[in-house]
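**Student:** Spelled out, the chains give:
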Amino acid sequence: MFYVELLVIGLVWGCMYALMALGLTLVYGLLRILHIAQATVFTFGAYIGLLVANRTDSLPLAFVVAALAAGVLGPLIYRLVYEPILDQPPFVPLIASIGVLVAMEDGFRLIFGPYGLSFENNPWFTTTLAFGGITLNLVQVWMVAAAVLLLSAFALFVVRTRAGVAWRATVSDPVIAQNFGVSVVRVRYLNFFVASVLAGIGGVLVGLLNNLVEPSMGSVISYKGLAIIVLGGLGNVPGTLVASLALGVVESFGSVFLDKVLDRDAMAFLFLIVVLMVRPKGLLGGAH
Amino acid sequence: MDYYLSVATFAALNVVLALGLNMISGFCGQVSLGHAAFYGLGAYAAALCSVAGVPFVASIAVGILVAGAFGVVVGFAALRVREDFLAIVTMGVGFLFLGVVRKQSWLGAEMGISKIPSPLDKTGYALLAIGAAITVVLLSLHVRRSWMGRAFDAVAQDEDAARTIGVDVAGYKTTAFLLGTATAGLAGAIYAHMTQLIVPDAFNFVQSITILAMVVVGGIGSTLGVVLGAVLLTVMPELFRFINDYKLLVYGALLLVVMRFSPEGLAGLYRRVSGRRLA
Amino acid sequence: MKLKLLAAAAFAAGVLAAPASAQQTPIRIGFHAPLTGFAASDGKSSLNGAQLAVEQINADGGVNGRPLELVVEDDQAKPDQAVPLANKFIGDGLKIVVSGSYSGPTRAAAGVFQAAKIPYVAGYAIHPDITRAGDYVFRTSFMGEVQGKAAAKVVGDLLKKKRVTLITLNNDFGQALSAGFKEVADKFGLEIVSEYTYAMGDRQFGSIVASVKRDNPEVLYVSGYFFNGGPLVAQLRAGGVQAQIVGTEGFDTDNFIAIAKNAAEGVIITTSLDRESKLPAMRKFIEDYEAKYKVGADMVAASTHSAVSVAAAALAKAGPDDTAKLRDALAATKDLPTAVGTLTFNELGEVNKAGQIQVIRDGKFHHFATIDDPELLAAPTK
Numbered sequence: 000m001f002y003v004e005l006l007v008i009g010l011v012w013g014c015m016y017a018l019m020a021l022g023l024t025l026v027y028g029l030l031r032i033l034h035i036a037q038a039t040v041f042t043f044g045a046y047i048g049l050l051v052a053n054r055t056d057s058l059p060l061a062f063v064v065a066a067l068a069a070g071v072l073g074p075l076i077y078r079l080v081y082e083p084i085l086d087q088p089p090f091v092p093l094i095a096s097i098g099v100l101v102a103m104e105d106g107f108r109l110i111f112g113p114y115g116l117s118f119e120n121n122p123w124f125t126t127t128l129a130f131g132g133i134t135l136n137l138v139q140v141w142m143v144a145a146a147v148l149l150l151s152a153f154a155l156f157v158v159r160t161r162a163g164v165a166w167r168a169t170v171s172d173p174v175i176a177q178n179f180g181v182s183v184v185r186v187r188y189l190n191f192f193v194a195s196v197l198a199g200i201g202g203v204l205v206g207l208l209n210n211l212v213e214p215s216m217g218s219v220i221s222y223k224g225l226a227i228i229v230l231g232g233l234g235n236v237p238g239t240l241v242a243s244l245a246l247g248v249v250e251s252f253g254s255v256f257l258d259k260v261l262d263r264d265a266m267a268f269l270f271l272i273v274v275l276m277v278r279p280k281g282l283l284g285g286a287h
Numbered sequence: 000m001d002y003y004l005s006v007a008t009f010a011a012l013n014v015v016l017a018l019g020l021n022m023i024s025g026f027c028g029q030v031s032l033g034h035a036a037f038y039g040l041g042a043y044a045a046a047l048c049s050v051a052g053v054p055f056v057a058s059i060a061v062g063i064l065v066a067g068a069f070g071v072v073v074g075f076a077a078l079r080v081r082e083d084f085l086a087i088v089t090m091g092v093g094f095l096f097l098g099v100v101r102k103q104s105w106l107g108a109e110m111g112i113s114k115i116p117s118p119l120d121k122t123g124y125a126l127l128a129i130g131a132a133i134t135v136v137l138l139s140l141h142v143r144r145s146w147m148g149r150a151f152d153a154v155a156q157d158e159d160a161a162r163t164i165g166v167d168v169a170g171y172k173t174t175a176f177l178l179g180t181a182t183a184g185l186a187g188a189i190y191a192h193m194t195q196l197i198v199p200d201a202f203n204f205v206q207s208i209t210i211l212a213m214v215v216v217g218g219i220g221s222t223l224g225v226v227l228g229a230v231l232l233t234v235m236p237e238l239f240r241f242i243n244d245y246k247l248l249v250y251g252a253l254l255l256v257v258m259r260f261s262p263e264g265l266a267g268l269y270r271r272v273s274g275r276r277l278a
Numbered sequence: 000m001k002l003k004l005l006a007a008a009a010f011a012a013g014v015l016a017a018p019a020s021a022q023q024t025p026i027r028i029g030f031h032a033p034l035t036g037f038a039a040s041d042g043k044s045s046l047n048g049a050q051l052a053v054e055q056i057n058a059d060g061g062v063n064g065r066p067l068e069l070v071v072e073d074d075q076a077k078p079d080q081a082v083p084l085a086n087k088f089i090g091d092g093l094k095i096v097v098s099g100s101y102s103g104p105t106r107a108a109a110g111v112f113q114a115a116k117i118p119y120v121a122g123y124a125i126h127p128d129i130t131r132a133g134d135y136v137f138r139t140s141f142m143g144e145v146q147g148k149a150a151a152k153v154v155g156d157l158l159k160k161k162r163v164t165l166i167t168l169n170n171d172f173g174q175a176l177s178a179g180f181k182e183v184a185d186k187f188g189l190e191i192v193s194e195y196t197y198a199m200g201d202r203q204f205g206s207i208v209a210s211v212k213r214d215n216p217e218v219l220y221v222s223g224y225f226f227n228g229g230p231l232v233a234q235l236r237a238g239g240v241q242a243q244i245v246g247t248e249g250f251d252t253d254n255f256i257a258i259a260k261n262a263a264e265g266v267i268i269t270t271s272l273d274r275e276s277k278l279p280a281m282r283k284f285i286e287d288y289e290a291k292y293k294v295g296a297d298m299v300a301a302s303t304h305s306a307v308s309v310a311a312a313a314l315a316k317a318g319p320d321d322t323a324k325l326r327d328a329l330a331a332t333k334d335l336p337t338a339v340g341t342l343t344f345n346e347l348g349e350v351n352k353a354g355q356i357q358v359i360r361d362g363k364f365h366h367f368a369t370i371d372d373p374e375l376l377a378a379p380t381k
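Chains as they are written, first to last, in numbering that gives the first Met the number 0: chain A, 0 to 287; chain B, 0 to 278; chain C, 0 to 381.
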């Protein structure tokens, strides 16, 4: 029972990581950029969601506004930071991304204060569902639901819609896609929009789960997110999902059984390094 | 006076660190996000020795050797992965190092290692650090101009092509790691004796990024540029006390601006202005 | 004629002004804290506490008629910024410095101050080696081990429970607390069922909650700060864990209650602040803090406030010019009323004082007990 509970908790955490990591893999798949600044979009979504929720007492509204706000910030970062330096060696956008992260974390601290903000009403947190001896609160349930719903929606999108097909084509081969009349620039904005909406929603959910929104809440998840996308095979969406869930479970068990040996954050990277030594292309291999 | 001395000492240590990273990432093109781990390895190894009674110079030597040894291990591991994977793997090495240190009581765990004997005074450390910095600068310039430097260049530009003309890519990549991490170990060993208390937090990811920022702002690949970058970024918090509250904001914005407008850093600016390459 | 009058007036003005300006030259105290960076929240609390102390002292006439002035610097909780700062303070002629920062930077700076023979008072940094840097270094907060011991007494003697699970924050603070608790656990008849550790940045404790449910202890001894303790306590209660929770001074802030909300009800903490204190110095601190900053006081602020009070009291006794005399005045501090209780330094520069046990009821901190066991709470002397 205990082990099943640990497994379930691991899967919940995995879904949390998936929401962040998917955005990272989308950006990498299209542009070969390690978008560490995704953490910024995540945290921004969380703050906006919290402000809206505390003002209007409506969680659904909070999610919508947060998702849209994040969906604006992400493409904005692309336009202002990445687009001008796309032709530079890879460390350039990486450092620029780190610059954005460092600056905005401090920005959040200056605007919202260092202590962090709490949700005034957090009914999902206090509502619990018990099944088979395991108790989960509503936020955790929604975390899984969100991951499942959003991912399915995305999968349908890329298969069934024109925009989705255009996106897939651009990821595969931007030059040929362009020859077929796909607007590569539009695809990029769409890409960042989707990645950012995922992060923004993830941010609000994590804020609810912790009942705390802090300036640096995105960074560790972002670093682990990078480990996850390497694990899953850079640019590989299903791989990222599998890796996210795997990491969540590893952390869940590891934090109880290995906590005397290794720091929790280090577990993600140990897992990564071990897997890479055995399978250098990641759990599921190269790009989609 | 003492104030300037201590700033100069830290600047010199940062020069050593940044030049080491420059050898790995700049000369040999392998982006490393975990350099602080080797800084830490040197510091911890030297500290443990000193606390156990080993003489100062020997402790420093141990620090250099331990950091270099681990550098070779990571170098080998790095051979299996490329480019973007490597950046994240090195980031992982950094987290792993801290993760282990934080939990082992013989390594001081969270309390760190304290009561490290300190045989020199402020001026002594300043001289030692500056001496170390000068040595590493000379080493770096020499490597650049040597056959090894050319081989590094070849590996950095195009690994596969280098391999086909018979360059021992694996050997050179590992050597780059060895040189870079050994110098980090030297800096760490000096640091440990200077501050007499080392805690895990001093060697975290933020520190790795700080060192990388020094390399990048100076101009990745350029020895003198990196020296300038290291000195500038060390002195900046001291100069900018009046915008104290916005320090990190400015720091992040600086990285952004440099990457956007002059990705080759200060060395790049120099080249554009003078037409010549900065060594 | 007019010129003579003007000259006379100027001379008179000069004579009148001179002694007054000599009276007004402030006495400067150095102060460093992590105002930016990962530790900024503690830095802010610490600065608040220090500035309040200076304000209160100046409102009361200053130190021997001279106003106190705080020279504030940001060390980002990094030793490599604290050391140059220490040198800067010394170079600028400051005669006494207060640390509002963490252990790493404080210990590094302590070495510098000791060598320069400048008295240094640490507000809340916890590492044992800080005061061992020398006889010029003092500390006004409880060391971690001492707090842990107090907690063990609370569980065994006051709550009369036996089976305890420890949930320990993985840093110097948490480790010290856990060590202190375990050291005297037998003495109070406690059985340590299990111990789990978590990292500073963790906010998700699902796996630990599941483990605690399985272990089923009577009491949980939790170390941490409000930003981990708050979520942890909330998740424990939401997960159905009913055990009594005993926390530490890291929870002693309204932020903790704001995050944990109902889950905070009934949580007991070991600290040095008593909201229902009869001690005038403590009352004044708590009331003035809330009035000035519009939030409840916390332990970091209180500890730093008392460090400044201690420094000011020594300055009043020995004057700001002779640092050796200043150090002696500090060392002789006995039964000084401060925001964290009545303080006396021992030979090492560590403080002996009573421990306050507070409980959270109706969303506020209330007095639960006071532990005044000099033997149990004795700070180490070397």
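To be clear, the hints were calculated from the coordinates, so they are not data collected in a lab.
Be careful, since some hints might not be right.
Claimed, not checked - Result set (SDA-like, lysine to any residue): computed pairs, CA atoms no more than 20 angstroms apart in a straight line:
#  : chain 1 : residue 1 : chain 2 : residue 2
1  : A       : Lys-259   : B       : Lys-102
2  : C       : Lys-316   : C       : Lys-291
3  : C       : Lys-291   : C       : Leu-347
4  : C       : Lys-116   : C       : Lys-293
5  : B       : Lys-102   : A       : Leu-257
6  : C       : Lys-116   : C       : Ala-290
7  : A       : Lys-259   : C       : Arg-213
8  : C       : Lys-381   : C       : Leu-347
9  : A       : Lys-259   : C       : Ala-198
10 : C       : Lys-293   : A       : Ile-110
11 : B       : Lys-114   : C       : Ala-315
12 : B       : Lys-246   : B       : Arg-270
13 : C       : Lys-186   : C       : Ala-378
14 : C       : Lys-293   : A       : Pro-89
15 : C       : Lys-212   : A       : Phe-111
16 : C       : Lys-212   : A       : Thr-126
17 : C       : Lys-116   : B       : Ala-76
18 : A       : Lys-280   : B       : Ala-76
19 : C       : Lys-116   : B       : Tyr-2
20 : A       : Lys-259   : C       : Asn-345
21 : C       : Lys-277   : C       : Glu-264
22 : A       : Lys-259   : C       : Glu-182
23 : C       : Lys-186   : C       : Glu-217
As the list claims (entries may be wrong) - On the chain C side, residues computed to face chain A include the following (Cβ under 8 angstroms):
#  : residue
24 : Gln-113
25 : Asp-201
26 : Gly-238
27 : His-365
28 : Phe-367
29 : Ala-368
30 : Thr-369
Claimed, not checked - Label pairs and their computed distance ranges (CB to CB):
#  : chain 1 : residue 1 : chain 2 : residue 2 : range
31 : A       : Ile-110   : C       : Thr-341   : 38 to 44 angstroms
32 : C       : Gln-241   : B       : Arg-79    : 24 to 30 angstroms
33 : B       : Leu-138   : C       : Ala-377   : 41 to 47 angstroms
34 : A       : Lys-280   : B       : Leu-138   : 46 to 52 angstroms
35 : B       : Phe-75    : C       : Lys-186   : 39 to 45 angstroms
36 : C       : Arg-162   : A       : Ser-57    : 29 to 35 angstroms
On a predicted model such as this, the values are computed, not experimentally measured, just so you know.
Ideal Cβ placement from N, Cα and C applies to all residues, glycine included.
**Student:** Decide, hint by hint, whether the structure agrees.
**Tutor:** Verification of the hints:
Note on A/Lys-259 and B/Lys-102: the hinted pairing holds, with a Cα-Cα distance of about 6 angstroms set against a maximum of 20 angstroms. Proximity of C/Lys-316 to C/Lys-291 is assessed by CA-CA distance (about 29 angstroms); at most 20 angstroms being required, the pair is judged violated. Simply put, C/Lys-291 and C/Leu-347 have alpha-carbon atoms about 35 angstroms apart, too far for the 20 angstroms limit, and the pair is violated. A distance of roughly 39 angstroms separates the Cα atoms of C/Lys-116 and C/Lys-293; the hinted pair therefore is violated under the 20 angstroms criterion.
A C-alpha spacing of about 10 angstroms is found between B/Lys-102 and A/Leu-257, which places the hinted pair at or below 20 angstroms, so the restraint holds. Between the alpha carbons of C/Lys-116 and C/Ala-290 the distance comes to roughly 38 angstroms, so the proposed pair goes past 20 angstroms and is violated. Among the hinted pairs, A/Lys-259 with C/Arg-213 is consistent with the structure: their alpha-carbon atoms are about 19 angstroms apart, no more than 20 angstroms. A threshold of 20 angstroms between alpha carbons decides the hint, and for C/Lys-381 with C/Leu-347 the separation of about 6 angstroms falls inside it, so the pair holds.
A threshold of 20 angstroms between alpha carbons decides the hint, and for A/Lys-259 with C/Ala-198 the separation of about 11 angstroms falls inside it, so the pair holds. Using a Cα cut-off of 20 angstroms, the hinted pair C/Lys-293 and A/Ile-110 holds, with the two alpha carbons roughly 18 angstroms apart. Restraint check: the Cα-Cα separation between B/Lys-114 and C/Ala-315 comes to about 34 angstroms, which exceeds 20 angstroms; the hinted pair is violated. Pair hint B/Lys-246 plus B/Arg-270 does not hold up; C-alpha atoms about 29 angstroms apart against a cutoff of 20 angstroms.
With a C-alpha separation of about 18 angstroms, the suggested pairing of C/Lys-186 with C/Ala-378 holds against the 20 angstroms cut-off. Restraint check for C/Lys-293 and A/Pro-89: the C-alpha separation of about 48 angstroms exceeds 20 angstroms, so the hint is violated. This hinted pair does not check out: C/Lys-212 and A/Phe-111 have alpha carbons roughly 36 angstroms apart, beyond 20 angstroms. Proposed proximity of C/Lys-212 and A/Thr-126 is supported: the alpha carbons are some 18 angstroms apart, at most 20 angstroms.
For the given pair, C/Lys-116 sits about 50 angstroms from B/Ala-76 by alpha-carbon distance, which is inconsistent with the 20 angstroms threshold. Our distance criterion of 20 angstroms between C-alpha atoms is met by A/Lys-280 and B/Ala-76, whose separation comes to about 14 angstroms. With a C-alpha separation of about 16 angstroms, the suggested pair C/Lys-116 and B/Tyr-2 falls inside the 20 angstroms cut-off, and the hint holds. Note on A/Lys-259 and C/Asn-345: the hinted pairing is violated, with a Cα-Cα distance of about 35 angstroms set against a maximum of 20 angstroms.
Straight-line distance between C-alpha atoms of C/Lys-277 and C/Glu-264 comes to about 24 angstroms, which puts the hinted pair past the 20 angstroms bound. For the given pair, A/Lys-259 sits about 19 angstroms from C/Glu-182 by alpha-carbon distance, which is consistent with the 20 angstroms threshold. Distance hint between C/Lys-186 and C/Glu-217 is fulfilled; the C-alpha atoms sit about 18 angstroms from each other, no more than 20 angstroms. Because the smallest distance between the Cβ of C/Gln-113 and any Cβ of chain A comes to about 31 angstroms, over 8 angstroms, the interface hint for this residue is violated.
At a threshold of 8 angstroms, the smallest CB-CB gap from C/Asp-201 to chain A is about 6 angstroms, leaving the interface hint in force. For C/Gly-238, the suggested interface contact is upheld, since its CB lies about 6 angstroms from the closest CB of chain A, less than 8 angstroms. With a cut of 8 angstroms, the hint placing C/His-365 at the interface with chain A is violated, because the nearest CB-to-CB distance is about 22 angstroms. For C/Phe-367, the interface hint is violated, the least distance from its beta-carbon to any beta-carbon of chain A being 25 angstroms, above 8 angstroms.
Hint status for C/Ala-368 relative to chain A: violated, with the closest Cβ pair at about 28 angstroms, above 8 angstroms. Of the supplied interface hints, the one on C/Thr-369 is violated, with its beta-carbon coming no nearer than about 28 angstroms to a beta-carbon of chain A, more than 8 angstroms. Remark: the range hint 38 to 44 angstroms for A/Ile-110 to C/Thr-341 is upheld by a beta-carbon distance near 41 angstroms. Between C/Gln-241 and B/Arg-79, the C-beta spacing of about 51 angstroms breaks the proposed range 24 to 30 angstroms.
Between B/Leu-138 and C/Ala-377 the C-beta distance comes to about 54 angstroms, which lies outside the given range of 41 to 47 angstroms. Separation of A/Lys-280 from B/Leu-138 is about 36 angstroms and departs from the stated range, judged on CB atoms against 46 to 52 angstroms. Restraint check, B/Phe-75 to C/Lys-186: a C-beta distance of roughly 52 angstroms breaks the suggested window 39 to 45 angstroms. A C-beta distance of roughly 44 angstroms is found between C/Arg-162 and A/Ser-57, which places it outside the suggested range of 29 to 35 angstroms.
Checked against the numbered hints listed earlier, the structure breaks hints 2, 3, 4, 6, 11, 12, 14, 15, 17, 20, 21, 24, 27, 28, 29, 30, 32, 33, 34, 35, 36; every other hint is satisfied.
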